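There are 4 protein chains.
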Amino acid sequence: MKRPLEASVEGRGRIVGITDGVFAIALTLIVLEIRVPAHEVIHSEHDLLAAIAALAPRFLTYALSFLTLTIFWFGQQAQHGLIAKSDRRLATLNLCFLAFIALLPFSTDLLADFLEFRTAVLVYWLNLLMLGITLFVSWRYAEKSGLVAEDVDAETKRTVYLRIVKAQILWAVGAALCLITPLASVGFILVVQLIYAATPNVKWVRRIIG
Amino acid sequence: MKRPLEASVEGRGRIVGITDGVFAIALTLIVLEIRVPAHEVIHSEHDLLAAIAALAPRFLTYALSFLTLTIFWFGQQAQHGLIAKSDRRLATLNLCFLAFIALLPFSTDLLADFLEFRTAVLVYWLNLLMLGITLFVSWRYAEKSGLVAEDVDAETKRTVYLRIVKAQILWAVGAALCLITPLASVGFILVVQLIYAATPNVKWVRRIIG
Amino acid sequence: MKRPLEASVEGRGRIVGITDGVFAIALTLIVLEIRVPAHEVIHSEHDLLAAIAALAPRFLTYALSFLTLTIFWFGQQAQHGLIAKSDRRLATLNLCFLAFIALLPFSTDLLADFLEFRTAVLVYWLNLLMLGITLFVSWRYAEKSGLVAEDVDAETKRTVYLRIVKAQILWAVGAALCLITPLASVGFILVVQLIYAATPNVKWVRRIIG
Amino acid sequence: MKRPLEASVEGRGRIVGITDGVFAIALTLIVLEIRVPAHEVIHSEHDLLAAIAALAPRFLTYALSFLTLTIFWFGQQAQHGLIAKSDRRLATLNLCFLAFIALLPFSTDLLADFLEFRTAVLVYWLNLLMLGITLFVSWRYAEKSGLVAEDVDAETKRTVYLRIVKAQILWAVGAALCLITPLASVGFILVVQLIYAATPNVKWVRRIIG
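So the sequences go chain by chain: A, B, C and D.
Residues in the first sequence are numbered from 1 upward in steps of one, following the working numbering.
Residues in the second sequence are numbered from 1 upward in steps of one, following the working numbering.
Residues in the third sequence are numbered from 1 upward in steps of one, following the working numbering.
Residues in the fourth sequence are numbered from 1 upward in steps of one, following the working numbering.
If you're looking for bench data, these hints aren't it; they were derived computationally from the structure.
Don't take each hint at face value.
Treat identical chains as interchangeable: a pair holds within one or across any two.
[As the list claims (entries may be wrong)] BS3-like cross-link-like pairs, simulated, lysine-lysine; straight-line CA separation at most 30 Å:
hint, residue 1, residue 2
1, K166, K85
2, K85, K203
3, K203, K144
4, K157, K85
Bear in mind that the values here come from a model prediction, so they are computed numbers and not experimental data.
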């Protein structure tokens, strides 16, 4: 007998659909803050070039957020590729994860506008932390409730946890650097995201990012 | 012979596609109203912290709307998981449901801006009511037209109705509380949404939310 | 041998994906023009109620556009349900159709802002006309190029053309009414859209809308 | 044994999902810059007609960007239709491609606002160049890593490269024309996009665009 909202393969498909939708929108929304300069203040090629150069911090935080979104898209995908079916609670946890993905354009704008303030860095880091926590809790719930595919071994299960924790430690270190200066934090986090996105085949890097 | 727009499994798939799209956008749009403070009025870490703290009602209504969207996403999914195929009228009813989902960011903003006004609470409740009505009518139509999957028993069919009605009764009680004070309404509805989203395994709660 | 972009079933699936995406966004964007009243001008429940009542034309044009999007979503779906595979040109025609769907929020806003001007009605009608033309040309191309599924008979093929032409005739009549007054046009088109969306089982209505 | 994020068919499906999402949003966002004229300055049918006519450059750049998005949607699809499965790096390259697709509404607005400035043309061209580079690198990676489907022959593989390079040469010529006047660049690029979108069955055109 079919019952509403029991654990199912279709439920899993719907999560994928709404997740890719939210990521696609977040990827596009963070660009919206890069605004075209007002026509009135531009009188020459030189003015326009200068106005575009002045947008550089926006492009920097765009790159940062784009990398962050990439990393969490893979994070979500790494989990869901190992999950066979989904029930209502796992879906709710996934929506909580998406709620913090949807907040990322806000945190990013705040960071772009207030690069010199610690508060902005901490809000950004808090967003990263909440994303990590929801991913961690999701995986724990899936594992405990037998939603993980049968051909996933214990080591792989542990690897998923480890990767989340390792990334969070690196970001916490990055956030702590704002005690020195907020720009050090942003720089450190940017380098971390670049390494995660590029996933270089270097042994000691592999060991750190798992 | 194939005829255009007859009841089909593909039609069902398209409804899922457009539904997840609208929910993904609605989830992201409600965040857009949380605006980064203007740079000119921020002169210190303290100013920034205070400006972010001042955004608290926005985060509250964001959480409320996020929970509401979650609940109706499951509501739509609970129905569609039991439906085998879809015809044009069922699709139209589903689009009406989506039209009220698309209005939710508006109702939410109104509530966030006018938390102290009864009218704002009533508009929000009216939105919840219309969502319930479209879901109810959709299910009734699917059942009468033989679009429900064959392995769904009578009790399950009744459960779908019951859940919609029970939720609407709770929200109507919440809305009525604005006769005392609008904040009581918002608080009550928020608690109801939290219970629905968490779906705790407590017996008496289960009996109420069905 | 696989060749890039030859007619394929996957190509057909991608068109469905991007189509549902554009419709989901268009459905949500038309709501964005319904703006929450500014807090400064609202001093009482009565003010807020009056401000919301003043939004009535927005809700009217929202309903109109929602119905229009519904009708064309079904129009596109009616065709694609009969098409077995898609090649690059059919996909391009479909994207042209989507380009005019994406313009619909603009035409709708224009109509909402300038309900009393003939030009606004004509721009809206032009948008409807271009949507009809792209659908017509798409179907013609699919039929001539053997992309239609084999179990579609000649009568069904003719029905698809007929429905497009009949709807366009009704809208042209509606547009012509703006020679009397633009509001007559909007009213007439709204009634036509309501009939299409509801698809009542009345014989003479069925004969008109095919 | 299942491992997280290894090359898989599901990974390929997720890329398709997020790609169609980003394209759907980009297609719709570029329209948002076509703004309805302010009600205060319109006093007659003639005023409204003039205001809409004044939007012509917006419609022109909308058409240009729509064509560009169409071409790159097919470019991405041409590749992915030949790819059997996807791993994390190919997905990252695809997301880089999407990051530049998401920037296209910005480049387009810049061009629409500053049609008479070389800088605007060069930024637009740079965006096209980056899109070509990411597509080229993606294909190279897929080919080297054995992710291309087995039934794709050497000639087809070469054709994919050739098409990217040929399009980039044409756009570079177009960009170079801004040494004469920026409008010549825009006109030339528009004609190139029209030819690509229409893909006419003319022998010498076919030889140029591959």
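- Using 30 Å as the alpha carbon limit, work out where K166 and K85 are close: within a copy, between copies, both or neither. both (27 Å within a copy, 28 Å between copies)
- Message: Within, between, both or neither: how does the pair K157, K85 come out at a Cα-Cα threshold of 30 Å?
- Response: both (16 Å within a copy, 23 Å between copies)
- Give the relationship of K85 and K203 under a CA distance limit of 30 Å: within one copy only, between copies only, both, or neither. between (34 Å within a copy, 26 Å between copies)
- Query: Is it within, between, both, or neither for K203 and K144, if the alpha carbons may be no more than 30 Å apart?
  - Reply: Close across copies (22 Å), not inside one copy (32 Å); limit 30 Å.
Taken one by one, the earlier hints all hold for this structure without exception.
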